[in-house]
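**Q** What follows is the residue order along each chain.
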Amino acid sequence: MSSVDFTWLIGGPQGSGVESAANIFSKVCAEMGYQIFGKREFYSNIKGEHSYFTVRVADKKIHSNVNAVNLMASFDAETIFRHFNEMMSGGGIIYDSDLEEIKTDSVHTLDAPFKERLHKELESKNKPFTIAGVLEIAKENGVKLFPVSFKSILETLSEETENPRLRGLIRMYNVIGVSLSLGLVKMPPDSLQNTIESIFSKKPEIAKINQQTANYSYNYATVKFENFDYTLPKTEKEPGTLLVQGFQGTALGKMACGCRFQPYYPITPASDESVYLETNEILEIIDDRPGSTAVIQTEDEISAMGMTIGAALTGTRSATCTSGPGFALMTEMLGWAGMNEVPIVITNYQRSGPSTGLPTRHGQDDLLFAVFAGHGDFPKIVYASGEIEESFYDTGNCFNYADIFQVPVIHMMDKFHASSVITCKRFDPQKISINRGKLLEKVDDGYRRFEFTDDGISPRSRLGMDNGIFWNTGDESDETGHITEDPILRVKMMDKRMSRLDLILKNIPDVEQAVSFGVEEYTIISWGSTIGPVLDAIDLLKKEGISIGLIQLKLMNPFPSDYINSLLKDAKILIDIEANYSGQLGKLFKQNIGRDIDYFILKYSGRAMTCTEVYDSLKKIVQNKANKREVLMHGA
Amino acid sequence: MALKLADYKTDVHNDWCPGCGDFGIVNAIQMALSEMGIERDKTAMFSGIGCSGKTSHFINTYGVHTLHGRVLTFAQGAKIANPDLTVVAVGGDGDGLGIGAGHFVAAGRRNVDMTYIIFDNGVYGLTKGQASPTLRLGEKTKSLPSPNTNSNVNPIGLAIASGFTFVARGYSYDVRHLKDLIVQAINHKGLSFLDVLQPCPTYNDLNTRDWYAGTDLIDEAQKRHSRIYKLEDQGFEPVVHYGSEVEVNEKLSQALIKSLEWGNKIPTGVFYKNELISTYTQRLKDKIPNYLENPPAKQNISKNGRSNTDISKILDSLEV
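Protein chains in written order, with our numbering: chain A, 1 to 636; chain B, 1 to 320.
There could be a bad hint or two in this list.
[As the list claims (entries may be wrong)] Heads up, simulated SDA-like pairs for lysine to any residue below, C-alpha to C-alpha not over 25 Å straight-line:
#1 B:LYS313 / A:GLU389
#2 B:LYS285 / A:GLU389
#3 A:LYS442 / B:ARG40
#4 B:LYS9 / A:ARG449
#5 B:LYS313 / A:GLU390
#6 B:LYS4 / A:GLY468
Keep in mind the hints are simulated off the structure, nothing from the lab.
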């Protein structure tokens with residue numbers, strides 16, 4: 001059997017069920033044994049603006065999206081205008097034939113800069129500014145067109161089922177789109193029916209209408225549509241496969257590793273994690289009564305951070321979850337936590353900055369900000385997860401680091417993670433170890449919270465513990481936690497706190513600090529979600545006999561300079577790949593290691609990288625045709 | 001062994017100015033804790049920044065000296081994570097009603113079972129006497145270059161509007177009365193607020209101890225009249241007993257009207273008290289039945305160094 005690597009795109013106005021349709025498609029494909037990499041793009045808007053979902057389906061492990069789309073399901077004009085150019089030759093567009101005469105000017109959500117570019121293209125190809133115009137271009141590019149009147153599908157179905165309500169039920173367009181697609185690629189129909197049933201299991205009547213619609217549309221595609229080059233036959237399903245959305249990795253990690261308190265303030269793309277935690281607030285505990293996570297919606301991110309620290313002082317594993325603007329508000333308190341050696345975790349789902357930036361779009365914009373966040377010198381850990389699967393286990397590690405080293409830990413995630421849907425191996429909570437460091441079970445007399453010790457870390461009491469009284473202050477303090485301005489004590493305390501940066505580097509295992517995927521003459525350094533497209537791009541090049549190395553950095557602060565340096569000693573050309581303007585990892589690397597980056601591949605359009613564009617840039621580099629700074633642009 | 005008043009004091013040197021009203025407040029807090037026989041290691045004092053922020057260092061319980069304006073956030077986090085703690089938060093009027101005003105209002109909406117005491121002196125003392133949120137429009141204290149251009153916040157009124165369920169005012173030179181108020185505030189089931197008038201002898205030369213004592217208010221019989229009076233002495237009835245809309249509105253309105261009194265007559269005592277509003281911990285218990293017996297701080301999260309949380313049902317639902 002030839003290998004399957006198929007990309008499907010569905011788009012429509014926000015609120016029209018694009019996400020549900022994508023969920024159905026992803027679930028059906030995953031049920032049939034395929035690996036999934038899906039990504040959602042949307043405006044900062046509730047209803048009406050264009051949103052779309054690309055789902056890549058393959059019969060081997062995939063880590064990212066590609067540029068070219070094999071099949072597009074559209075039920076509005078805007079999706080066609082925006083995406084017809086992404087179709088690969090031999091691909092297909094399913095579209096609503098009633099839309100053919102729609103003009104660009106009548107689609108009010110098409111913004112001026114996009115429309116200008118589109119008009120220029122249509123003009124140059126001598127096409128009308130209509131759906132028919134862009135479809136002609138697609139056809140000339142070798143794309144097959146599958147027109148169908150969505151309205152007449154509903155009308156016929158309404159008559160057949162004697163359900164007059166169905167006639168104008170445009171809410172069904174998404175299900176029609178996905179079902180036509182699955183019929184076209186000859187996916188077994190029962191999986192579609194089962195998936196719809198399970199999605200609407202609590203609303204049997206709605207499930208029924210959806211199933212009827214799905215069934216009719218599926219059959220319509222198999223009977224009425226001409227043959228399509230791509231099929232997705234049933235394949236072998238790997239047992240123990242999860243279909244997860246990005247934010248679920250860290251949320252499930254928090255549940256498993258004993259995080260029991262999470263205050264938060266709503267912000268895109270971070271809030272989904274907190275809402276998910278609250279939805280699952282009551283937890284089953286092995287051989288014990290139920291546990292729970294107190295999820296508190298606060299008045300702002302400052303309060304979220306203050307409550308996180310307050311709860312951590314009681315010995316509770318506590319975290320908050322935010323994005324760049326919220327994290328900016330937390331930084332004064334971050335210093336307080338550092339000063340008072342409080343273990344907390346801040347999960348930062350980054351987005352495009354600066355300021356409000358592109359609030360629903362991707363960016364790895366906060367690396368340098370996180371590393372340098374807060375006034376004054378204090379120890380903190382900045383830790384970055386690459387893929388979603390890894391983020392589950394990393395979350396457990398972050399809480400252990402916080403407890404062992406008694407520092408705040410900033411766990412770097414991003415929007416690409418948050419709104420990706422992937423298949424991966426079922427998470428194994430038994431792999432999560434729990435190490436509370438020097439948290440005391442009981443306290444002897446004469447306790448001093450900030451006692452000088454050999455390793456610079458003092459035994460930790462918690463609010464409410466017998467004999468464990470301590471004081472905290474944001475002022476410099478003595479061993480009991482009372483204010484001091486003594487210059488000698490100040491130096492000792494500063495040295496005590498900062499000494500743990502070395503301790504961290506010595507004690508966190510190498511594989512948790514950075515992951516080497518091999519070092520070659522050309523070697524990439526990268527971090528976070530960008531690892532996905534980089535891994536796929538390297539794989540593509542390997543097939544052409546080009547080997548490129550990759551080091552994924554995870555521990556960003558303290559920076560593991562010696563370890564990274566030793567890993568890279570055989571690399572001649574260094575390439576930094578990340579999703580921000582200035583190459584922030586490259587800067588951090590240069591600052592700590594003193595070595596220059598030879599090439600940067602950067603993307604700051606707000607859209608995540610595809611493996612195709614990373615591949616293209618790497619190839620240019622290897623062929624010595626690249627600029628020092630390659631800026632990627634793909635994605636609507 | 002019964003604890004004595006001295007057991008609630010630390011030996012940390014107190015560096016407040018001689019004659020500072022804060023001394024009376026710290027004494028009253030210590031007396032209240034002692035009278036209630038509160039366990040020291042089940043109690044946490046949280047403080048903000050400024051002169052009043054040092055309070056937590058003078059009291060021999062857990063003490064958390066936090067950040068400017070943010071004391072309520074730390075305190076609420078601790079209390080929600082461990083509802084067995086007795087939590088008292090303190091701070092200045094600039095701290096709580098200026099930079100921290102947003103948290104003040106939000107705390108009222110939550111009604112976490114704890115106490116918040118504001119040391120209210122009309123100035124920012126530790127930064128050398130700038131106008132604070134309770135200083136009135138046009139007033140000029142000693143170190144202001146020109147009269148205050150902002151109107152004042154009404155702390156009692158704001159607390160009532162925000163949903164605090166116990167609202168009272170004390171005076172730092174009536175330590176015994178203040179102690180009684182603190183006992184009531186700590187015993188109150190819900191979020192209690194205490195506005196404590198506290199002369200700053202160094203920077204507030206308007207609202208001085210003499211001014212509160214009314215030395216300037218001498219009647220024809222050459223008799224002085226203290227500006228401070230007690231609501232309870234006038235038969236003021238602040239408690240909501242039944243919780244009907246009519247009763248609650250009446251109690252809230254009379255408290256608001258009383259909160260506007262200032263000048264020659266300044267009320268102290270309890271303005272409003274309503275224990276019929278659910279506390280935040282009760283609200284959590286409604287969602288999480290065993291929250292009070294097994295709150296976040298008490299939960300066992302591991303077994304033999306491994307996760308003991310069983311997320312298999314959630315994982316099952318995600319499995320394809």
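**Q** Work down the list of hints and note, for each, if the structure agrees.
**A** Verification of the hints:
no. : hint                : result
1   : B:LYS313 / A:GLU389 : holds, 18 Å
2   : B:LYS285 / A:GLU389 : violated, 33 Å
3   : A:LYS442 / B:ARG40  : holds, 16 Å
4   : B:LYS9 / A:ARG449   : holds, 19 Å
5   : B:LYS313 / A:GLU390 : holds, 20 Å
6   : B:LYS4 / A:GLY468   : holds, 19 Å
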